[in-house]
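*Asks:* Sequence:
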Amino acid sequence: MFLTHTKLSGFFPIYLQRLLFCLIAIGIMMLFVASTTDDRPRNFKPFPCYMDPDDHNTDTGDGPIRLQDVLRAYIKPAPGKTIFFHETRCHPPGSKYIMNLTARQACSIESAALHNPNFQVFVLFASPTYLPKAEDPKLPLIEALQSYKNVHFRQLNIWRYAKGTPIEDWVNKGDLFESSFLTEHASDLMRLMSLYRYGGIYMDIDVVVLRSMENLPLNYVGAEDSETLCNAVLSLEPKGKGHEIAELFLREFQQHFNGQLYTNNGPSLMGRVTKKICNSTSIKDIVAASRNCNGFKVFNSTVFYPIPWPAWRRFVEPQYLNDTLATTKDSYLVHLWNKVSFEERIKVGENTAYGKFAHDHCPKVNAAAGEYF
Numbered sequence: 001m002f003l004t005h006t007k008l009s010g011f012f013p014i015y016l017q018r019l020l021f022c023l024i025a026i027g028i029m030m031l032f033v034a035s036t037t038d039d040r041p042r043n044f045k046p047f048p049c050y051m052d053p054d055d056h057n058t059d060t061g062d063g064p065i066r067l068q069d070v071l072r073a074y075i076k077p078a079p080g081k082t083i084f085f086h087e088t089r090c091h092p093p094g095s096k097y098i099m100n101l102t103a104r105q106a107c108s109i110e111s112a113a114l115h116n117p118n119f120q121v122f123v124l125f126a127s128p129t130y131l132p133k134a135e136d137p138k139l140p141l142i143e144a145l146q147s148y149k150n151v152h153f154r155q156l157n158i159w160r161y162a163k164g165t166p167i168e169d170w171v172n173k174g175d176l177f178e179s180s181f182l183t184e185h186a187s188d189l190m191r192l193m194s195l196y197r198y199g200g201i202y203m204d205i206d207v208v209v210l211r212s213m214e215n216l217p218l219n220y221v222g223a224e225d226s227e228t229l230c231n232a233v234l235s236l237e238p239k240g241k242g243h244e245i246a247e248l249f250l251r252e253f254q255q256h257f258n259g260q261l262y263t264n265n266g267p268s269l270m271g272r273v274t275k276k277i278c279n280s281t282s283i284k285d286i287v288a289a290s291r292n293c294n295g296f297k298v299f300n301s302t303v304f305y306p307i308p309w310p311a312w313r314r315f316v317e318p319q320y321l322n323d324t325l326a327t328t329k330d331s332y333l334v335h336l337w338n339k340v341s342f343e344e345r346i347k348v349g350e351n352t353a354y355g356k357f358a359h360d361h362c363p364k365v366n367a368a369a370g371e372y373f
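Just so you know, we're using full-length UniProt numbering here: the sequence shown kicks off at 1 and counts up by one.
Worth flagging that the hints you see were computed from the coordinates, not collected in a lab.
Possibly wrong hints are sitting among the right ones.
Unchecked claim - Pairwise CB distance ranges (calculated):
#1 Pro310 - His359: 19 to 29 Å
#2 Asp169 - Pro318: 49 to 59 Å
#3 Gln260 - Tyr74: 37 to 47 Å
#4 Gln260 - Ser282: 24 to 34 Å
#5 Asn300 - Glu168: 30 to 40 Å
#6 Asp360 - Glu184: 24 to 34 Å
Only a predicted model underlies this, so the values are computations on that prediction, with no experimental measurement involved.
Cβ coordinates follow ideal geometry from the N, Cα and C atoms, glycine included.
Make a model of the complete structure from these sequences and hints.
*Replies:* This is the structure:
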């Protein structure tokens, strides 16, 4: 039973009454502020692994240390001078996932950092991610990457990252999290948000960079074959035409999102928007001409995807070594097609195209990988 103000005055002096009411008022204000500054919708239910219970704490005492938020860190992506990799796997909430990478992922990152020393390389984790404690066993692959001054590991909060972008309200609705391919579709979206915010270059984390990309003018995409574009490599300027194109991509993502179709929000989206930019109804015609459409370059398949995904075994079987090296000699990078190749164990030092790429383009990771990639 609640006490009325009259009854309360019989128990406490007036100054205690005022103190009590002040404390109640402060509590109400704190609840209001918390409810209006949350970085995720309160009706959000599925996939809490993307939420961070330690959102404002980077130092957890004697435990692991949470990665810095990319938007709150002192060192942030340099506009137009950053290469982005995204890791969007969903880790169990409360598990304090310790940052780890496969040897192939680490090779992708090192090759980008090695060949582009004037670019910053940011690896962004969508789930809360932690560095190991100082006394924990060392992670050789992570240490190899941390030896590069231009490599930075960060995490992001999806809802905060979407703030101020054309897709903010849509993200807050939660449609993304109904996807049957959440890891892939979250990656499709986050690369677009990164390029909208900062410009630069996005790469899938299953590529190997073969040469510097620093002198390639920003604003480009690559064809996977004569009729299909791929979003495993995408570059946009941070301002001007590049920023306008990034907005087109985000609005297309929102308006035509389909969580049941694997490629709809990635490669297919690239094709739909590029046809609008190029004022064409045919990707085949655009690719054949290797066109620069209104400041947006479409490279043919030899630049980023010289080995198509059905032929991925050319990377891992010795009999294809010389032919694969000849095919890729003028390419800027190669794509390993992890979706179909991830189960293949690649022996370190083996006389294969991938073995050669790893030795030459990610030497520190190659040395730290152990027996297999």
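*Asks:* Now, for every hint given, state plainly whether the structure supports it.
*Replies:* Hints versus structure:
Judged by the Cβ atoms, the range 19 to 29 Å given for Pro310 and His359 holds: they are separated by roughly 26 Å. Look at Asp169 against Pro318: about 53 Å separates their beta carbons, and that is inside 49 to 59 Å. Here the CB-CB span from Gln260 to Tyr74 is close to 41 Å, well matched to the stated 37 to 47 Å. Roughly 26 Å separates the CB atoms of Gln260 and Ser282, a value that falls within the hinted 24 to 34 Å.
For the hinted restraint 30 to 40 Å between Asn300 and Glu168, the CB-CB distance of approximately 36 Å keeps it satisfied. Take Asp360 and Glu184: their Cβ atoms lie about 30 Å apart, and the range 24 to 34 Å holds.
When each numbered hint is compared with the structure, no violation occurs for any of them.
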